[in-house]
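6 protein chains.
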Amino acid sequence: MILRIDRVQTEMPPPSTPDPAGAAVVQELLGGKFGELSTFMNYTFQSFNFRQRQGARPFFDLIANIAAEEFGHIELVSTAINTMLTGTGEKGALPEPKDLLNRQQIIAGGSATMLQDSNGNAWTGDYVTSTGDLLEDLTHNFFLETGARNNKLKVYEMCDHPAARALTGYLLVRGGVHQIAYARAVENLTGADLMKMFPSPRIPTEKIPESQPHIEKGEHKKLYRFSPSDYLELAAVFNGPHPETGEDLEVVDQAPEGFPPFDLPAQEGVFAPDYAPEEIAEIARKLRQKAGLSDEPTGVVANDGKGVVDKVKDAVS
Amino acid sequence: MILRIDRVQTEMPPPSTPDPAGAAVVQELLGGKFGELSTFMNYTFQSFNFRQRQGARPFFDLIANIAAEEFGHIELVSTAINTMLTGTGEKGALPEPKDLLNRQQIIAGGSATMLQDSNGNAWTGDYVTSTGDLLEDLTHNFFLETGARNNKLKVYEMCDHPAARALTGYLLVRGGVHQIAYARAVENLTGADLMKMFPSPRIPTEKIPESQPHIEKGEHKKLYRFSPSDYLELAAVFNGPHPETGEDLEVVDQAPEGFPPFDLPAQEGVFAPDYAPEEIAEIARKLRQKAGLSDEPTGVVANDGKGVVDKVKDAVS
Amino acid sequence: MILRIDRVQTEMPPPSTPDPAGAAVVQELLGGKFGELSTFMNYTFQSFNFRQRQGARPFFDLIANIAAEEFGHIELVSTAINTMLTGTGEKGALPEPKDLLNRQQIIAGGSATMLQDSNGNAWTGDYVTSTGDLLEDLTHNFFLETGARNNKLKVYEMCDHPAARALTGYLLVRGGVHQIAYARAVENLTGADLMKMFPSPRIPTEKIPESQPHIEKGEHKKLYRFSPSDYLELAAVFNGPHPETGEDLEVVDQAPEGFPPFDLPAQEGVFAPDYAPEEIAEIARKLRQKAGLSDEPTGVVANDGKGVVDKVKDAVS
Amino acid sequence: MILRIDRVQTEMPPPSTPDPAGAAVVQELLGGKFGELSTFMNYTFQSFNFRQRQGARPFFDLIANIAAEEFGHIELVSTAINTMLTGTGEKGALPEPKDLLNRQQIIAGGSATMLQDSNGNAWTGDYVTSTGDLLEDLTHNFFLETGARNNKLKVYEMCDHPAARALTGYLLVRGGVHQIAYARAVENLTGADLMKMFPSPRIPTEKIPESQPHIEKGEHKKLYRFSPSDYLELAAVFNGPHPETGEDLEVVDQAPEGFPPFDLPAQEGVFAPDYAPEEIAEIARKLRQKAGLSDEPTGVVANDGKGVVDKVKDAVS
Amino acid sequence: MILRIDRVQTEMPPPSTPDPAGAAVVQELLGGKFGELSTFMNYTFQSFNFRQRQGARPFFDLIANIAAEEFGHIELVSTAINTMLTGTGEKGALPEPKDLLNRQQIIAGGSATMLQDSNGNAWTGDYVTSTGDLLEDLTHNFFLETGARNNKLKVYEMCDHPAARALTGYLLVRGGVHQIAYARAVENLTGADLMKMFPSPRIPTEKIPESQPHIEKGEHKKLYRFSPSDYLELAAVFNGPHPETGEDLEVVDQAPEGFPPFDLPAQEGVFAPDYAPEEIAEIARKLRQKAGLSDEPTGVVANDGKGVVDKVKDAVS
Amino acid sequence: MILRIDRVQTEMPPPSTPDPAGAAVVQELLGGKFGELSTFMNYTFQSFNFRQRQGARPFFDLIANIAAEEFGHIELVSTAINTMLTGTGEKGALPEPKDLLNRQQIIAGGSATMLQDSNGNAWTGDYVTSTGDLLEDLTHNFFLETGARNNKLKVYEMCDHPAARALTGYLLVRGGVHQIAYARAVENLTGADLMKMFPSPRIPTEKIPESQPHIEKGEHKKLYRFSPSDYLELAAVFNGPHPETGEDLEVVDQAPEGFPPFDLPAQEGVFAPDYAPEEIAEIARKLRQKAGLSDEPTGVVANDGKGVVDKVKDAVS
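Sequences listed follow chains X, R, S, L, Z and H, in order.
Each residue of the first sequence is one higher than the last, beginning at 135 in this note's numbering.
Each residue of the second sequence is one higher than the last, beginning at 135 in this note's numbering.
Each residue of the third sequence is one higher than the last, beginning at 135 in this note's numbering.
Each residue of the fourth sequence is one higher than the last, beginning at 135 in this note's numbering.
Each residue of the fifth sequence is one higher than the last, beginning at 135 in this note's numbering.
Each residue of the sixth sequence is one higher than the last, beginning at 135 in this note's numbering.
Note that these hints are calculated values from the structure, not bench results.
Some hints here could point you the wrong way.
Copies of one chain are not kept apart here, so a pair can be met inside one copy or by any two copies together.
[Stated by the list, open to error] Straight-line alpha carbon distances no greater than 20 Å define the calculated EDC-like cross-link-like pairs of lysine to aspartate or glutamate that follow:
| hint | residue 1 | residue 2 |
| --- | --- | --- |
| 1 | K225 | E340 |
| 2 | K341 | D327 |
| 3 | K424 | E230 |
| 4 | K330 | E413 |
| 5 | K225 | D294 |
| 6 | K424 | D387 |
| 7 | K420 | D327 |
| 8 | K356 | E381 |
So that you can see chain X by itself, here it is in the shape it has in the complex (with noise of 0.2 Å):
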């Protein structure tokens, strides 16, 4: 079971100048065979599937709590696209089909996320592997996180739209802290010094400016628990020494706050939500009203009541 909370777990820039085609290659990193998708549902199915999770607890509690984390991740990828593709569904604005790498973003999606990959090919359980051998699987998570940060740094180098940097910046580190994790249960369970194999891809994520903000918080050497009450035993396998900086390897016993969700603008052109979004908002006021609830929306946004929003409108206009 989970817990839902409408907050994003780094903090993202608001939609400026639209970027289609960087938006369609971010998918990679949320449809990706490497992507967050896959990291995610690797990990639940994993954590769903394992046997003996009493006699392995520490093992089950790592790979159940990173599934968590990683929910966050598939939420942060799809963010940054959505803001990039912000201003591509203007009414009577959509783009040129010349300018568009991924056609279904706007026809399909709504000027937002597809699960696809950065050649628009749909995601596909077959990327999940969780073959319920603990250490097949560990080694496997451990190659997964690998090729996802091979991933990121590319689309890093290769988008520079605010959103891209931030949620590559970002995911890099804790991406990082992942694949640390994975090969520290490998050398706990086996003896086997895979902390020699770091960094890989074999360029340090301190060199990425849009990192440096989050490892200066210590957010590399971190793994945040992200459970009211279960998976208590992550300390039995995430320890010992960082192994690009020797600083030690930390369990924090708490998600960590995020950060309140951009509230992105209507795009009547694609009709999300609808032709005439202020008719919408409308009917939801009465709806509310109706159910003896507050006059104003109760959800917390970061450009909620500041103006923010017209100056989104203004950035994307």
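Fit chains R, S, L, Z and H to the given chain X structure using the hints.
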């Protein structure tokens, strides 16, 4: 972001007679076009992709919150399949090929759930529809839940394994709530009275014996809020009379408590979690000690410390 | 069984400036999840799979008959794409790779339609839902037409090539009729008033200039009977007022007359129909003579014998 | 455009003993790479994509016309599968999982045809080859029909259900005509004498008992013209001696008369068309009355009004 | 470039009792995600795509050379499957549908291997990972071999047909060498001691009776050089002690001799190679004579000229 | 079994101006339905699955031997793509998203070949047809080569990069030989004179400037034997006059000599083979020394020791 809780939404029976043929059929409810992975992923990405979420807050809250419940459903279907497969991975006693409708549950999955449907085809991101158009997405979701209910009813009939029956008995009730929720959302948005389309398929859930205990507890009319802090506007759309019983629909302001999961026994013949699982347990114990954690596993499971494990072991041998 | 008539359902413009980027986008209306191949195949197989067709005759007739019209739609979308691609297969002048969103239209298709969507992914039988449950299938069909209308509106906006506009202008009107037809079928079966959900997406078709001539001819309220002898009970479900105009829905007791297709010019550079098409023509002439047929081709085409061919040739050169 | 006629091309037996295993095998003839959906779609799109159709009219007419006949073949295969599955969706008596080679025929399809092959994989648009190069497409079509004949012969041997035998007995004869037609087209275009390649596979159709009645009626040498007005130049390519019997190939200037389809009984257990099909019938009756149509269904079916329905019901119970 | 030698890498048993269910399971080792087609294609394309091959020559040589051995493995798996299917394509005696886990082995393949996994899903190019990053590719390859070993062990347990046992007994030994080779390559590149991860899965290969004869011949510690002239630097990475036995790893400077393949008997019922195979043989004889070649076939097969053919024929009848 | 030789079948130009758009188009010749991976895999598996190989030896030898040549073709296409992509993975200078038709060549492949077609869809085992029926498989292969020739001609026209032209100029000649070989095999088996169907498509290869040097060397009429010891009966089927020139077809009793491959330069920006490739080179040198091998790399490459590397480096910078 999510927090994960290591409990399942309904009480599931312990492993008993292995049923690999049934377990292959239940896959439809996991990875089929109308399976729970489809409902989870559809609502999750619709919530990520939602535009003007403040202006359409009650609808956003509905979709985002049901997505959270659906995570529990993919967990439950996996639990049922894994329970039905317990006993198919015993050392030196793998099933005969001819008895396996889905060979990969054993070979690839380790006597466990695959991200596939009942014909063994992988789930694909193509099964997600997230257009951004609120009315269209809600219409889709109502239809998706209708298809899901159809499939649950058939799987219920085809599979008499206790785990399959417990699963479908529960999911029929909870999926029915989601079917109503989306129909009500359409009604509240447009005025069209979709309540007249219930039940669809046209067999009342209350006829299913395994659903009755849940109906008696009122589970057929409650929408739980799966968040410590967010999704406060559910009542603005989830309201009015239940289409079949006429009772008032209710929003429950917290998640259900859930039940501890079973610690499914090792299946050494498929190396889950190892060919020598007791060695894993010994390593885990030492790691826990070294980290200064408790000597015994901290996790709470249904068969913990009460001899249930042995009974389960007996049941599958 | 079918009889085939070599005419297209609406008048299409001759080839003009080639538009391979637009032609790639229009593929969504052919091979996308909500494309015309999906509507054609869904209704066709639902009619094949229909049980108790006598007892549910009006509904069977509706689905089977709309299936027949949809054949004309896959023909029309292909016609538009092929028209837009005329000029991309000229001898010695194939397009630059960088100008091609869909490379296979040229390489695999011979400057022609592929069974793919706008991202170049193949149509799949997974897109067909044929559950046998009448209410569920009708609900699905209503939703499918809604999704189709969404995509047509966006493709209309994105593509200004005359063939794309003629296509979408027409399909929006005819698809709108099918959307109403299935909604009415649900209403007549259950009493739920789905008419309140129109238009969906919430932009009236009459705002589309290219749709207006068809609306003026009443095409938005007519259901044609595409059979010399069967499907006589359409009026039992297709009746009542049009949801937007209030006019009475009408069943027309025969198929529309249609228009002769264009004889699209050869594209020697992609060997369609040959590197030396005049040789094919000469062989054809001789075969016709040998068989005692007319000297000249018997087929009727839009550009037959009136110098139009040359004008087309000019247009694309 | 097409006109649809509610008849099937050959007489099919009524439902008898259900044969879900056989029905799974017959799927190869529907959705396999060489199945009828492939032949239908290949020729249909080749005709849509045809360039210089006037200049190559006899060849265009051949392909376009055979496409029309193929629609009747996907209808026939579906009819056979649905007939074989009648009795697998009875209320309270769904088949055991272990007896189902294709679980989705029951769960997704409602005891009906899927767009899949015999391994349960979905048909895909990748199976269509439409290059525009006339000689290449004709060569392809000859090869496709050869593969189709191979599969029909094997399915004939593997499935002894009367519906499978009636189907394959008929399709072998008609597919054989198409195989000859395309070979003759290649011959007439190039002079290569492909007639020497017959029969391929090298077993004469006349050895198949269920094919003999059709051969006796001359169905093995006739090409029907499936159009009220078009495709008049078939004889320019379909001519000369039959490669096996030496008889003259013939063009028949109209479609065959066909046979009324069976009204397949409801399968309440899979909700086809409903859990309470008599209610649907009652609603249909009222709708017919309200529309001023006849009291009784107007459609003509094989088992109409002569007690056959009851016999069928008996057969499957 | 390659030279092909018409021998198989290990001695395989002749056809005996047909085992189509087992043959469907063995497909996992051919077309599964971790099957031999995956290993062959991964290493082949990694070698094609290798950059700076001079500068990283020992690693290039390792990957390129193992790719060559893997060709022999896809050949062996196919040989096993075809052996197990011998007897399923007899004239007038095709298997019952209910006995076929993979129908297409008979219908599409001619009682032969498909490019599919054990669930009948096609192998896909998505299974290839070729990132260009040497460490990442080597890590991947080590993991891939681990997954392959897992699957071989399970297929060994599930299938007791002599061909399946001979196959898996041999592949476990040779795949084990590749698993070590890639682990050593990682070690030699980074210093991480992956040897501690062996065996993975944690069951020693020497426990498999059918592997023991190969281990006795030292096949578990030898890397053969499959080239007349190239890949001379294998010893720079394939060296050190065997992780389980401590024996020195060895590079053998030539390919193994191999064994002549069986001449599998015709299966007339599936037209392989024909419905009347003796006619093919007669044509072949004449063509040989006309070309001035020997009267008898020149190829060397295991069952040539010693009455073995007849014994095989007996075995399958 | 195979032996691998580290040479390519024709001389390829060094890297020059990067051409990622062209490289995306050339993918069709690798992973398209009619690409070289299809020809390689079709013939390879047909040879594995061949029954009665002694009785049909000349045909077996033909298919098995051409399979061996096709390995060289997938190597050549990859070489061309990788050459065209050299320069797209430079440190700090990855291409703009908008310039990439195939994003995964950079992100997933490391500026290298993917197992995909020109639309970026993965190659699939479905593209293999191996029916066991000799005549059918030969017919298929003739058709497959025809489709391959069509695609090569178009890619030739669309891509003017020297590597693409060298590739297609060569493949057109060699593929033409295979097209003839299979046509002759059909002729020799049945008597049908398929030679009349050449050239298909109907443009003679000798018109292609880049093909002419190969034709001058007689490469259009020679079938090489790619084996040290086997496939001795090729001449029994590959004989008679060339269909276009009338020259005698020839069997050459050994493989062509080939050319050393280029050592493609590192692309540090995509970590191929590393972010710091010189470190890899240093490690390799030490490993070689430790193993007692030569100090310098032993492999022979086109740009070895003669300053060519530097020129290549210049060309791509």
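Hints, one by one, checked against the model:
{"no.": "1", "hint": "K225 x E340", "in the structure": "between (42 Å within a copy, 17 Å between copies)"}
{"no.": "2", "hint": "K341 x D327", "in the structure": "neither (25 Å within a copy, 28 Å between copies)"}
{"no.": "3", "hint": "K424 x E230", "in the structure": "neither (43 Å within a copy, 50 Å between copies)"}
{"no.": "4", "hint": "K330 x E413", "in the structure": "between (59 Å within a copy, 15 Å between copies)"}
{"no.": "5", "hint": "K225 x D294", "in the structure": "between (26 Å within a copy, 15 Å between copies)"}
{"no.": "6", "hint": "K424 x D387", "in the structure": "between (41 Å within a copy, 18 Å between copies)"}
{"no.": "7", "hint": "K420 x D327", "in the structure": "between (62 Å within a copy, 18 Å between copies)"}
{"no.": "8", "hint": "K356 x E381", "in the structure": "within (11 Å within a copy, 42 Å between copies)"}
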